[in-house]
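Q: Chains as they are written, first to last, in our numbering: chain L, 1 to 294; chain H, 1 to 358; chain R, 1 to 233; chain P, 1 to 256.
What the hints contain is simulated information worked out from the structure, not anything from laboratory work.
Where hints are given, some of them may not hold.
If you want a taste of the chain P side facing chain H, the calculated C-beta under 7 Å gives, among others [said to hold, decoys possible]:
| no. | residue |
| --- | --- |
| 1 | Phe24 |
| 2 | Val52 |
| 3 | Thr94 |
| 4 | Gly106 |
| 5 | Phe113 |
| 6 | Leu114 |
| 7 | Gln119 |
| 8 | Val121 |
Listing some non-contacts, in silico: residues in chain L with all C-beta distances to chain R over 10 Å [said to hold, decoys possible]:
| no. | residue |
| --- | --- |
| 9 | Asp96 |
| 10 | Ser132 |
| 11 | Met135 |
| 12 | Val148 |
| 13 | Phe215 |
| 14 | Phe222 |
| 15 | Arg241 |
| 16 | Phe256 |
| 17 | Leu273 |
Being a predicted model, the structure only gives us computed values, none of them experimental.
Using N, Cα and C, we set each Cβ at its ideal position, and we do this for glycine too.
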Amino acid sequence: MYNTQLVQAVWGGILFGSVYGLMALGLTLVWGAVRLLNLAHGAIFIVGAYTAYWVVSTLHLPILAALPVGVVVAATFAGVMHVLFIRPVIGKTGFDNATLVATIGLSISVSAAALIIFNPEYKVVPPVLGGSHNMVGVQITNQGLLVVATSLALFALVYLFLTYSRQGMAIRAVSQQRDAASLMSIPVVRTYGVVIAISGALAGLAGVLLSPFFFLNPSSGFNPMIQALIVTIFGGLGSVRGALVAGFVLGIFESFVEVYLGVAWALPGVFLLIILMLIVRPNGLFGIGEVRRL
Amino acid sequence: MSVPAAVGAAPARPQADREAAPWRRTSLGTVGGVLLLGLVLPWLLVRLDIGNFLVVLLILFFMQAVVAQSWNLIMGYGGIYSFAQVALFAVGGWTTGVLAHSLGWNPFASILFAPVLATAAALLIGLPTLRLRGTYVVLLTLAFHELSRVFAITGPRFISGGGYGLTIVPGFPLGNVGNDQRLIYLYYIAMGIFSVATFVIWRVIYSPLGVAVTALRDSETYAVSRGIDQFRVRLVLFAISAFFTGLAGGYMTHYSTGISTSVFDLSRLIDLLAMIVIGGWGTFMGPILGAGIVIGLDQALVGIGDFRALAEGVIVALIAVFAPQGLWPTLRRIYDRYLGPEPEPAGQAEADPTVGGE
Amino acid sequence: MLEVRALHAGYAGSEVLHGIDLRVGEGEGVIVLGPNGHGKTTLLRAITGLLGARSGEVLFDGRDITRWRADLIAAAGVIHIPQGDLLFPEMTVRENLLMGAYHGPTWAERKVRLNRVYELFPWLEQRAGQLARTLSGGERRMLALSRGLMARARILLIDEPSLGLAPLATQQIYDSIGTIKKSGMPLLLADENANHVAGLADRVYLLETGMLVREGPAEELLQDTALLESYLG
Amino acid sequence: MSILECQQVSKAYGGLLAVNKLSFAVEPGEVYAIVGPNGAGKTSLFDCISGVSRATTGVIRFREREIQALRAHKICQLGLARTFQTTVAFDTQTVLTNVLVGSTFGLAGANPFLSFDDQAVEAAIEALALCGLAGQQRALASQLPVLARKRLMLATALATRPALLMLDEPVGGLNPGERLQMIDLIRDVARAGVTVLMIEHVMKAVQALADRILVMDHGQEIAQGPPATVLRDPRVIEVYLGMLRPLGPDPETAHA
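I would like the entire structure built from these sequences, with the hints used as guidance.
A: Written out as structure tokens, the structure reads:
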């Protein structure tokens, strides 16, 4: 009996860790490159999820077909958000203020639209991989394993992309010295668009993969948004490695609190941890303050 | 060791330019007139058949304006992105709700504790916030919002009332008077709170405290090196903002004899944000104007149901990007530039002749 | 090659350049001399699109590039080595150099160009894996210069190569600019310091408070120490 | 007794020692200039003295009182006001309001919260008049050209009635005409009895104003003393002046 709880806590930790990591990756990328706090990240998450749901329930296509559609639609939504609401204020003094309020406004509109189109009942998004295993009384689902694998794979992919690819290096260059990047013939504004679209795709993918774990409703974008924000800041704003590590640290912490103290204390526990962390080490694990780059 | 003006006789002793000064004199006439109108209005409205509905709307306007003004004080003037305002409103509401409902206090007594506790809560989260910058403040205050919401829903029975909030809170004991009479009394209480809050906020904005707050927003290092104690100034600001927000929370709990956990929903947040953004970020009249416009819009658009939140979200986003000073100031600037009367001669921005050749 | 006509430019509230006329011919080395704060940097930033020109024209190979975006001007071959280097601090020396060759067609031949730059400045190759912010003042300036050479430059604009450098590093910078000049690359150099530029310039402009006050062949102007003495302060 | 005294002051950013065990003292009423190439640690030293950042080691005494651990607003209220290398201002406020910040909050014991007292307004007007901005009180700080913004920054400092005024590159970024005006203004302030501690690398301004000079490089002192002797010190010439010597035969001042 004793080790079932331990295994449940550890597996829960790994699963939560991957979930948080997946959510935070997109947010960290956008903050690192564009210095934009994208509070619409949660909204794009449910755009992906609802699209996948719509493809499965209305077009009656398998989830495997719905996954890419969800990701593409989420990325497109992010791109359109960039063109309409981010690009016009790039480089302007009121950038932080305008983008903060604009992204909040958009997230409200998205959940309102979801309410109108899909009405408030909970929706079920089928998992990509069904079935599960039983280990010492702990249920480990295939979808869970898929999420862990995808999360780790995406972190590696993004890391390699940023480190070695032409577009990846350009994104880092723009984030560190915008003027110099222009002098290297890097189209700064379009690079911002690329980063925001990529982060939209990541949020969409997270939406499709994670929806089976909880019931999809118009306001189910808010919690992942908060969790992603916590992980991003806990890991040090803009640090991809930080987000990965912080995701697992918080995931394991929440899982252990949930198993040993009860579910009700999970969320408050995380918030108390983050408040303490902000007081003691405001720049996060890997961050060196607001200036942190990718 | 002051700097004597012995240095080169300044021609005539220059005077402070009233126009440039951070303090304002308002004509008592206008303020008096508005107050008088406010006092008389309910008696007139009640006569109309839809009068009661309009008085209810005005009460809603007073309370929303108080919360919007308080939030604007922190975010617009102080440049601190705090998302704790709704939670502070809830703290005020729950405080007086619990005291009146569970302990049987007289609402007029319990409501006094609403702002006190809200201010205490604000100072509690204010302290760590002062050492943080921008993004972190957003997170810390959102965390406080979430913590309060979770506590209100899953907290002890006498707080959470089964997860939906307090549903049977005694209203203000106004004696057994007719419905209209009762509504008018409620209106006067709301107007009282609104007037006091507006006056105090006006006094704060056009005072050294207000100047210190905007100085810290414009350039913190520069302000601090001119003698401004950023912790003290910002804590006072937090306290004032939370005081009136908590008071409004307390009033609304007794006015609607209950407070539901739906107060924490994001749509409440967007309403308040819309008021500040539409009315004018970091201006005195902005949130008041915004409150009126948004409430008016809400009523007009009530027909389209859920589309209202959809429309409001997009409108707020568009205004934030394309009219950063707020819809109203932008419209007024367009009016002044294109349609308005000839602008009075440009300010003396050009070189001052007495200084010697530029 | 590069021509500037009646250029007015400045920052919020104050105009810095009050009508500049200047040209750089094929293979020519031109120096704009002027004390700190008189508009040299503003001039280069206006030409390469980092700063919008209020009025006037900038022509490159006859094309009007005044309103072009900075990255398009760079893609056309007008390469600007900015004041204060503006390196990418958290990226390695090699990555900084590679960014110089970002432009599509150049990226394909980045390996070749990298080796050529390593031959010109061998120490760059040993430091390839080091982050740019860990370099010394002189090294940073050399890296900024080499980053510019990575691109298919048709003209090089270099802003105050020696600003804030110790004398030894200053000499190295001007020697390397000298080798670039010999390769026939047209140069527009903005500088406050007159005594190193003798070999580099064919023509000199004197800039004072945003206006060109003198223009003439390098030999004649650079010898006139009295003029320079009063002028450079 | 010196008005400002630094003993073994150091400031480290990460591994880099921006200021390295620096000791010097400024006498009341003098104009003391600190010169050195870019990145010599001058501004870091200013930040430590003014409380904008904290010195890693060492003691800073202002009018016999240790201030290295005090917060910036406290130090300002003790009578030490500074300007900044980048001309900063409260851009959304009028010129008068900018200066009122200094005169209202810059004095010890000043905790005015709800009303501006007349002395503060008086001091503000006085500072504006001295800096020649009395006629532009209504303009917004963001609309002012560079020279006017520099004067405004100086005026807000003077409005705090300082005993010691710290100027960070007061003539930087000005054309020769504007430079002369700023030099005259600083001379007026010094003549009015305010001790001036100045960072500058425009040699004309330093020679015109400074009673004593400290030459710094890589966070350390190289030479200290009156301009005549310091400018002849071979070490100083080699490290610092070497770069700025105009072309051709060296004019007699730079010769040993």
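Q: Of the numbered hints stated previously, which ones are contradicted by the structure, given in increasing order?
A: 1 and 7
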